[in-house]
Amino acid sequence: MKAPATHERVVITGMGIVSPLGADVETVWQAILAGRSGAAPTTIFDASTFPTTFSAEVKDYDFRRPIRQAARHEGCSRSSGFAIGATVQACRQAGIDVETPCPTDGVDRTRMGVYLGAGEGSLDSDAFFAAIIAGWDGDRNEFVWPNANRVVFEQMQATKELEQEPNMAAAHIAMLTGARGPTRSCLTACAASTQAVGEAMMLVRHGHADVVVAGGAHSMIHILGLTGFNRLTALSRRNDSPETASRPFCASRDGFVLGEGAAIVILESLTSAQRRNATILAELIGYGSSSDAFRVTDMHHEGRGAVQAMTAAMADAALTYRDIDYISTHGTSTQENDSVETLAIKTVFKDRAKQVPASSVKSMLGHLIAAAGAAELITCVLAMRDAIVPPTINLNDPDPELDLDYVPNAPRKMPVRIAMNESFGFGGQNNVVILRQYSETREKQP
Amino acid sequence: MEPIRVVLTGLGAISPLGLGVDPLWAGLSEGRCGIGRIKAFDPTGLPCELAGEVPEYRIQDHVPRKYRKSCKLMCRDIELAVIAAQQAVVASGLVTQGIDPDHVDIDPARMAVNMGAGIISCEMPELGPAVAVSSTEGRFDVRRWGRDGLERITPLWLLKYLPNMLACHIGIIHDAQGPSNTITCAETSAHLAIAEAAQIIARGDSDIALAGAAEAKVNSALMVRQILLERTNNTCNDRPAEACRPFDASACGSVFGEGGGVLVLESLDHARRRGAKILAELVGIGQSHSLAPAYARLEPDGQAVRIAIEKALDDAEIDARRLDLLIPHGTGVPQDDLAEARGIEAALGKAIERVAVWPTKSMLSTTGAASGAVDAIAAIQAITTGAIPAARNFEKAADGCRLRIATESVRQTIEYAICCSYTHGGQTAALVIKRYDEGAVE
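For the record, the sequence lines run as chains D and X. If you read the first sequence in this note's numbering, its first letter stands for residue 1307, the second for the next number, and so on. If you read the second sequence in this note's numbering, its first letter stands for residue 380, the second for the next number, and so on.
For the record, the hints were derived by calculation from the structure and aren't laboratory data. Note that CB positions come from ideal geometry on N, CA and C, so glycine has one too. Please note that a few of the clues may not be correct.
[To be verified] Estimated spans, in silico, between C-beta atoms of each pair: (1) D:Q1580 with X:H482: 41 to 47 Å; (2) D:R1370 with X:P382: 42 to 48 Å; (3) X:D527 with D:Q1375: 43 to 49 Å; (4) X:R618 with D:E1405: 44 to 50 Å; (5) D:N1545 with X:R582: 44 to 50 Å; (6) D:K1365 with X:A776: 54 to 60 Å; (7) D:V1450 with X:R582: 17 to 23 Å; (8) D:G1513 with X:D479: 37 to 43 Å; (9) D:A1624 with X:R523: 54 to 60 Å; (10) X:D481 with D:N1545: 47 to 53 Å; (11) X:T515 with D:E1642: 35 to 41 Å; (12) X:V512 with D:K1365: 30 to 36 Å; (13) D:Q1375 with X:G818: 30 to 36 Å; (14) D:V1450 with X:H482: 46 to 52 Å.
[Claimed, not checked] List of simulated lysine-lysine pairs, DSS-like, C-alpha gap at most 30 Å: (15) X:K729 with X:K813; (16) D:K1308 with X:K813; (17) D:K1719 with D:K1660; (18) D:K1365 with D:K1466; (19) D:K1308 with X:K656; (20) D:K1308 with X:K729; (21) D:K1466 with X:K418; (22) X:K813 with X:K656; (23) X:K729 with X:K656.
[Unchecked claim] To be clear about the criterion: a stretch of chain X counts as covered by chain D if any three or more of its residues have a C-beta under 8 Å from a C-beta of chain D, and this derived list gives those stretches: (24) 545-555; (25) 662-668.
Looking at chain D on its own, in the form it has when it is part of the complex (with noise of 0.2 Å):
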């Protein structure tokens, strides 16, 4: 393999959401900065059964608002749906035409890429249990396939399948931008997403491509994702008050709040972002992946994985703990990632670890499983462009044991130069990234 002829600064050019606090950036960051909570009855489908009854939903959403050729891309998933309006705002930001044959904004196609941590889209659950119930012969307690297959030929319908595929977010994204580079769609559960951007962030580093449209887009929010974690008992259960059910860090957290949405950001060579005179938002710097390689029902109980990911990505950017301002955690809500998050902090950060703000957006938009971590790097950039730290909601009840800085329930003017963002998923996939105020000179060099 050739031998990267650059190393080249990698900036943010531009920043789209689609979420459960809303539909654009600056609606979402409002929504943030005063504390609102997404989560409310599930509407999706009848929950109301179901252990948990509540997630964050996006509302009122319909992707053929911002494009002009939606029939390309109808009968898309639901959260396809949503990549393709966080791309159109994404683009809009970096100057970057879409849906144009022969667009005109300097970036090269066969140099442009796309890299999502995407889910799969919804199953056809009315087919797919109706081919089970067929199947099923309680009687002789067996599956008679045939009677199944019946089923499931007559009633699934292609499009429905196809737009399954966890990779069809990114194709939607390629048809939409025309991207001709490196495309690639990732899913390692909740940290999908910051992986999708750290790798994005090499494959422009070393020359790979000069833009990638970079994010997630997920929604878990059908009857088996709620199903499956509900069995894992991972969820929240307050059902009768959904808006506090996300406590972050919290002694009285009980599990996550199920989310769906889609975040995307723009990821250019500085050089690419120069020449075509884009607004530079912040400088990504630092990327860490790593595995637990403990259990794929836990995390490892020191959060080794998470100590090696956050120390990778200090190292990748050239940084030690006393550089970072902020730590966007993961914070899920859940007994054992807030404890042991706090643990790899403490870890991470030594005499540090409590005067570093670590905050949970989750507490606010709901645990977006793929989709989370780009969405919590855009709260990143706008803290660094806004001189205040998001807070970690529901914080009124702190556990002695999780003692750092929380942010608690109110946002905090502070210039924040440098952010640490961290996504831990389940099975062991550890993803950090860094990020910085662009400055035109480097101050180190990566």
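Place chain X on chain D using the hints.
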């Protein structure tokens, strides 16, 4: 600074041609077909009743003794990945925790896992009892499911079906604590996972990576998906061995199947330091995206295939004339094969007359995410043995296909081989693999 070179030092495969790399290569060399009537479930009622299925195995025989109880958390896709990874690590001579915990000779933090995975369809029979108590007058009733059905699902059910669990189980068994990713780009997944693993080593973030993919498409829901997308051959249920005919004039669809393939990637320095047997070198990566208005099809001019090949050749810093072997994606779906052939032709130019094109799916079926890994392994086997087997089920080229399909097996030195893949949705990739010559002067 000198670029870090990435070499391949271990292979593992489980495919419709057998359990292991040796039966895979023997089968491919003989032109044996691994396709038959579906055994995993009774396919009666489906227009296509064929699949490429792997031979029977006991997963417990392929994991360390103390990991056996975790096997109950593995769906079939995970099992195939774990088996292929175990073989690859053994073949590489690396001693990981999964091989011998008392004599580990790797730095776990410098070992990455990068697996491709397909969408994992949950098993319908497993949900049968829960769905049965959740129906009202023969129809699924979500309120009853929430109240009565859900509790009948085993608590850790979800963990069996998350695509990232292929990489997670492999990471746990071999104690690989370095970067870990799961690429979910259908049939292109393996090439993208291998490409990314190579890039991780090349940028210095790991010394070793286990990379590849696995997928088990042989279940009713996923088979029907391929049927609905008009990608299957529905005319050959009585002649399974003739069903999949990439680039052939009488092709009329593909056959789907299952498999797993894992490659050990290693920095050249690391491999040399430990005296590893080096099989080949990964020298070129190319990627693009097909922008077909109908997502289920490759664009007719195969432009993305062309770009991916051109980029891979450029990355390898070679001209197309240096290629000896090309393993195409070639599924047997006529319009996709034709589009791919056009893309290959555009990229190779005049070299199209000399490069042997050897499709493998006529023997292996389309094994989803795994297909690219198995093809890469086949390419490495061709390079190390110095042989290109004959293509199966190719008699007369389809109209418009000008590729030089390998119709007779030949022995020849293969300096460079290229593997191509694409998927519905549009991701395309190409990898260039080079013969490794121990004595060559650099």
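> Do the Cβ positions of R1370 of chain D and P382 of chain X conform to the proposed distance bound of 42 to 48 Å?
Replying inline: holds (47 Å)
> With a cut-off of 8 Å between beta carbons, are at least three residues of the region 545-555 of chain X near chain D?
Replying inline: holds (count 8)
> Taken at face value, is the distance from the CA of K813 of chain X to the CA of K1308 of chain D at most 30 Å?
Replying inline: Holds, because 14 Å separates the two Cα atoms, which is no more than 30 Å.
> So does D527 of chain X sit 43 to 49 Å from Q1375 of chain D, Cβ to Cβ?
Replying inline: holds (45 Å)
>> Is the listed coverage of the region 662-668 of chain X by chain D valid when you require three or more residues with a beta carbon under 8 Å from a beta carbon of that chain?
In response: It holds, with 6 qualifying residues against the three required.
> Lying within 47 to 53 Å: is that true of the beta-carbon distance D481 of chain X to N1545 of chain D?
Replying inline: holds (51 Å)
> Is it true that the C-beta distance of R618 of chain X to E1405 of chain D lies inside 44 to 50 Å, as the hint says?
Replying inline: Distance hint for R618 of chain X, E1405 of chain D holds at roughly 46 Å.
>> Given the hinted pair K1308 of chain D and K656 of chain X, is their Cα-Cα distance within 30 Å?
In response: holds (24 Å)
> Is the distance from the Cβ of A1624 of chain D to the Cβ of R523 of chain X consistent with 54 to 60 Å?
Replying inline: Between A1624 of chain D and R523 of chain X, where Cβ atoms are some 58 Å apart, the hint holds.
> Between V1450 of chain D and H482 of chain X, does the beta-carbon spacing fit 46 to 52 Å?
Replying inline: holds (51 Å)
>> Tell me if the straight-line CA distance from K1365 of chain D to K1466 of chain D falls inside 30 Å.
In response: holds (22 Å)
> Is the hinted range of 44 to 50 Å satisfied by the C-beta distance from N1545 of chain D to R582 of chain X?
Replying inline: Distance hint for N1545 of chain D, R582 of chain X holds at roughly 47 Å.
Going through the hint list in order, the structure does not satisfy hints 1, 7, 13 and 23.
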